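Trainee: Please model the entire structure based on the sequences and the hints provided.
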Amino acid sequence: MKKLKNIYIILFSLMTVLYGCQENEYEFGEIVSPTDIVITAEVVGVDANNPYGDGSGSVNLTATAANASSYVYYFDGVAEASPSGILTKRFSKVGVNLYTVVVKANGTSGVSSTKTIDVEVYSSFSDVEAENFLSGANVGDSKKWYWQADVDLHVGMGPATDDYGNGEFAYEAWWNGIKAWDDEKSCMYDNEFVFTRTANGLTFEQTVGPAFIPGTYGDLIGVDGDQCYDETVATTMFGVKTVAFGPSTSKAGTEGSYNNASYRGTEFEIADGGFMGWYVGASTYDIISITNDEMIVRIIENSASGSGAAWYHRFTSTKPVEGATTPNYTFNELVWEDDFNTDGAPNAANWTYDLGAGGWGNGELQTYTEAAENVKVEGGSLIITAKADGSDGYTSARLKSQGLYQFKYGRVEVKAKLPAAAGTWPAIWMLGSNFPTVGWPQCGEIDIMEQTGGDKNTSLGTLHWFDDASSSNASYGETTAISNAASEFHVYSMEWTEESVKIYLDDVMFYEMTNSETLPFNADFFLILNVAVGGTLGGDVADTFTEDTMEIDYVKVYQ
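Residues 201 to 759 in our numbering are what the sequence shown spells out, letter by letter.
Accuracy of the hints is not assured; some may be wrong.
The calculated DSSO-like cross-link candidates involving lysine-lysine, where the alpha carbons are at most 27 Å apart (straight line), are [claimed, not checked]:
(1) K293 with K576
(2) K756 with K608
(3) K315 with K293
Per label pair, the in silico range of CB-to-CB distance [to be verified]:
(4) D276 with G245: 21 to 27 Å
(5) N460 with E573: 37 to 43 Å
(6) P527 with D318: 57 to 63 Å
(7) A248 with G415: 47 to 53 Å
(8) A681 with G367: 44 to 50 Å
(9) D236 with A681: 57 to 63 Å
(10) N562 with N532: 33 to 39 Å
(11) D236 with T454: 41 to 47 Å
(12) N532 with D318: 55 to 61 Å
Note that these hints are calculated values from the structure, not bench results. This structure is a prediction, so every number in the text was calculated from the model and none was measured. We put the CB at the ideal spot given by N, CA and C, even for glycine.
Mentor: See the structure below:
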C-alpha cells in the first residue's frame with residue numbers, strides 16, 4: 201500500500217505541473233513591420249541663389265513610419281542611430297554631390313523596413329591637408345593614432361566659452377598638471393583610433409578600448425568618474441563611423457590662440473556618438489594643430505547646462521612605449537633634413553634619381569622612373585609607389601642625394617611606413633660617394649633598413665664592403681622584430697662614428713659593428729630611398745599584385 205500511495209503522489213504532481221504549464225501561456229502580440237516610411241531632407245541654406253545649400257554641407261533629415269519604434273540611417277554603408285528619426289548630417293565632400301541615404305525603421309520583435317532617398321548638397325569647406333595627416337592621402341589609406349602618453353599635459357581642461365577677461369577659454373586654464381604616464385589614466389593608454397580614407401571621405405573606428413570617463417561627466421550620467429569603462433557604459437565606443445569636416449564654430453576655434461598661435465580653424469565631427477577615448481557625450485573636435493605625427497584637439501563636454509568644460513587632448517601616430525628611453529646619441533645637432541611638406545615632386549635640391557631597368561645587380565623586376573605615379577610628395581610625406589604596369593612588368597622609384605648632399609659620420613633618422621605586399625623590397629640605405637670610381641662593394645654600403653618580400657615582421661640592418669685580406673665581398677647583418685610596419689610609422693636610424701656603426705629601430709639598438717681605418721666607412725656617403733620588386737630579397741610577387749607604397753614622413757641628419 202505504501203508503494204501504491206507513492207505512485208498516486210507522483211501522478212498528482214505530474215498533473216499539477218501539466219496544468220500549470222497550460223495556465224502559463226504568454227501572448228507576444230502581433231508582429232508588425234513598419235510601413236509608410238516618409239523621409240524628408242532639408243538642405244540648410246537653400247534659397248534662389250543657393251539651390252544646393254549654403255556650403256556647410258548640412259542636411260536636416262526626418263524619418264517617420266507607422267509602427268516604428270526607432271530609426272537607423274546609413275551613409276555609404278556606415279550606420280548612424282537616430283531613435284527619434286531626426287538627424288542633422290554634415291556632408292563634407294567638396295562641391296555639389298549626390299548622396300544616397302538609407303533609412304531603416306525598426307518595428308517590434310526585430311522586424312524592420314527600409315527606404316532610400318537621394319540628397320544633393322553643396323559643401324565648400326576643405327582642409328585636405330588635415331585629412332591627409334589624419335588618414336593618408338590615397339583611397340584605402342589608414343592611420344592609427346594613440347594617446348601621447350609619454351609627454352606631460354596630454355590631457356587638460358579649461359572653460360568652454362568664458363574668457364574671464366583674459367582669453368582663458370582657449371587653453372588648459374583649469375587643469376594643466378598631468379604628467380607623462382599618469383597612473384589614473386593608464387587604463388586608456390592602449391587605445392587605438394583608426395582613420396581611413398574612402399572614396400566618399402574619412403571614417404573613424406576605435407579598435408581598442410576602453411573609454412575614460414572624467415568625474416565631471418560621470419556625475420552627470422550616474423557613474424563613478426575618473427576611471428575607465430567598457431562599451432556597456434560607453435555604448436558608442438566601437439564601430440565604423442563617418443567623419444565630417446567643417447569650419448570651427450566654437451569661440452576658441454574662431455577667436456582663441458594656443459601657445460601663441462591661432463587655432464587651425466577646422467573641426468571634425470565623428471558620427472553616431474563616436475569619440476576618441478575620452479567619453480564626455482560629445483563628438484565634435486576643434487583641431488588646434490596637426491602634423492603627420494602629432495595632433496592637439498579640443499572638445500566641449502556635453503553638460504546639462506550646455507556650457508560644460510573644454511577638454512584638451514594630444515595624440516600621436518607613433519605609439520609611445522612606457523619606460524623607453526632615448527639613447528645617449530653622440531650626434532644631436534640637426535644639419536640637414538627633408539620633411540616633405542610641399543606637395544608635388546620631391547625637392548630637386550635634395551634628391552635625384554636612379555632610372556631604368558636591368559635588375560640592379562640583384563635580379564630585381566622593376567623599372568625605376570621619376571613619374572608622379574611612382575614618386576611624389578603629398579600630405580606631408582614622400583610616397584614611393586611600386587606598381588604593376590599591366591604588361592607583366594613593374595615600375596617604382598629610387599631617390600638618392602648623390603651629388604647634392606653627402607657627409608662623413610653622423611646620425612641618420614628616417615620615419616617611415618613600409619609596403620605590406622609580398623614581393624616588395626623597401627630599403628633606406630647609403631653608398632660611399634666614391635661609388636662611380638671604385639664600384640661596389642669597395643665603396644661600402646650601409647643598410648639602415650631593408651625588409652624582405654616574404655617577411656614583413658622583420659627589419660634588417662647590414663653593412664657591405666670589400667675585404668682586402670681575402671679579396672672577397674664581406675658583409676655583416678643583424679635583424680630585429682617589428683610589428684605594424686605597414687600601418688604605423690616607425691623610426692629607422694643609424695649612428696656612424698670613427699669607432700662604430702650602430703643601427704636602431706624606434707631608438708632601440710639592434711646592430712653594432714666596430715669601424716676601423718681598414719674599412720670604407722671613413723669617407724663621405726650619400727642617402728638612398730627605394731622600393732624594389734622581386735630580386736634576391738624581394739622574392740616572389742603575387743599574380744594579384746597591383747601596387748604598394750613606402751611613405752616617409754621625414755629624413756634627418758645630425759652631426
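Trainee: Now look at each hint and say whether the structure bears it out.
Mentor: Evaluated hints:
1. K293 with K576: 23 Å, holds
2. K756 with K608: 14 Å, holds
3. K315 with K293: The hint holds at about 23 Å.
4. D276 with G245: 21 to 27 Å: Holds: the Cβ-Cβ distance is about 23 Å, inside 21 to 27 Å.
5. N460 with E573: 37 to 43 Å: Once the Cβ atoms are compared, 41 Å apart, the range 37 to 43 Å for E573 and N460 holds.
6. P527 with D318: 57 to 63 Å: 58 Å, holds
7. A248 with G415: 47 to 53 Å: 51 Å, holds
8. A681 with G367: 44 to 50 Å: 49 Å, holds
9. D236 with A681: 57 to 63 Å: Given a distance of about 60 Å, which is inside 57 to 63 Å, the answer is holds.
10. N562 with N532: 33 to 39 Å: 35 Å, holds
11. D236 with T454: 41 to 47 Å: For D236 and T454 the Cβ distance comes to about 44 Å; the hint holds.
12. N532 with D318: 55 to 61 Å: With Cβ atoms ~59 Å apart, the hint holds.
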